[in-house]
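Sequence order for the protein chains is V and W. Residue numbering for the first sequence follows the numbering used here, beginning at 727 and increasing consecutively. Residue numbering for the second sequence follows the numbering used here, beginning at 727 and increasing consecutively.
It is possible that some hints are incorrect.
[What the hints assert, rightly or not] DSSO-like cross-link-like pairs, simulated, lysine-lysine; straight-line CA separation at most 30 Å:
1. K729(V) to K826(W)
2. K729(V) to K795(W)
3. K806(W) to K795(W)
By construction, these hints were calculated from the structure, which means they are not laboratory data. If you're wondering where the values come from, they're calculated on a predicted model, not measured in any experiment.
2 protein chains.
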Amino acid sequence: MLKAININDKLNKFSDYWSPKVIGEMNNYQFKLAKVKGQFIWHSHKETDETFIVLNGELIIEFKNEKVKLSKGELYIVPKGVEHKPYAKDECHIMLIEPKGIINTGNRSSELTSKNDNWV
Amino acid sequence: MLKAININDKLNKFSDYWSPKVIGEMNNYQFKLAKVKGQFIWHSHKETDETFIVLNGELIIEFKNEKVKLSKGELYIVPKGVEHKPYAKDECHIMLIEPKGIINTGNRSSELTSKNDNWV
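Bound conformation, chain V alone (with noise of 0.2 Å):
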C-alpha cells in the first residue's frame, strides 16, 4: 500500500510562522503548508498566481483597494502580478499552491523571507 499525504501529520511537524514547507510536487508546481499570525509584508509575484486555502483559522489576505477574508475550507487564488500582505489575528494553517521556486516575499527582501524549496 502507497501512503498518502497526511495534512495533519504534515503540519505537526513544525512550528515556526511565515516559513512554506514542502509537501508535495505536480509537475513544477509545488503544495506548501505554512503557519502563520499577525502580518506578513506587502509583496507581488509578477511571474504567477499564488492559491491560498485555509485549513485551519481565518486569514485576510489585503490588496490595495480592498480586501478578502479566508476562513476554514476557503480558497482565494491572487493573481500575478497584484500587492498582497496576508494577515492573521490568531494563529492560522494554510496551503499555498505556486510553482517551484517562488519566494514567499516575491519582489520583497524582509526578515520575513524564507528558505525555498524547503520540505517536511
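With chain V held as given, fit chain W onto it using these hints.
For chain W alone, kept in the frame of chain V given last:
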C-alpha cells in the same frame, strides 16, 4: 470585501458522480471538485501529473501493482502517464488539481467521460 471560494458551498451545488466541476483557476491550472462513488475506469494522463485531495470520505486509487488509500485531509499526486483507477466504496468528495483541458478519463473514452471546463 472580496469573496473567497467556499469549498462546502460549491459541493452543495451538485450531486452527480464522477463529473468534476471547476471552482477556480491558477495560471493554466484548475481546481475542480467531484463527488465520486463506486468504480471509475482505468486511464492515464500522458501529459501531466494529477493531484487528488480527499475532502470527505475515503478514496482508493488503484495502480497496476499497488494502491493508495486516501482519507479526509490526505492528498496524492498521480505521476503523469501512470495508469490508475479511482474507487470509492461510499460517497466521497475530492478536489482535483491539474492543468486546464484535462479530460477526466484521460486516454480512454467512456460513458464516464465528463464535460470539460464545467464550472460550478
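Legend entry - Violating hint indices (sorted, rising): none
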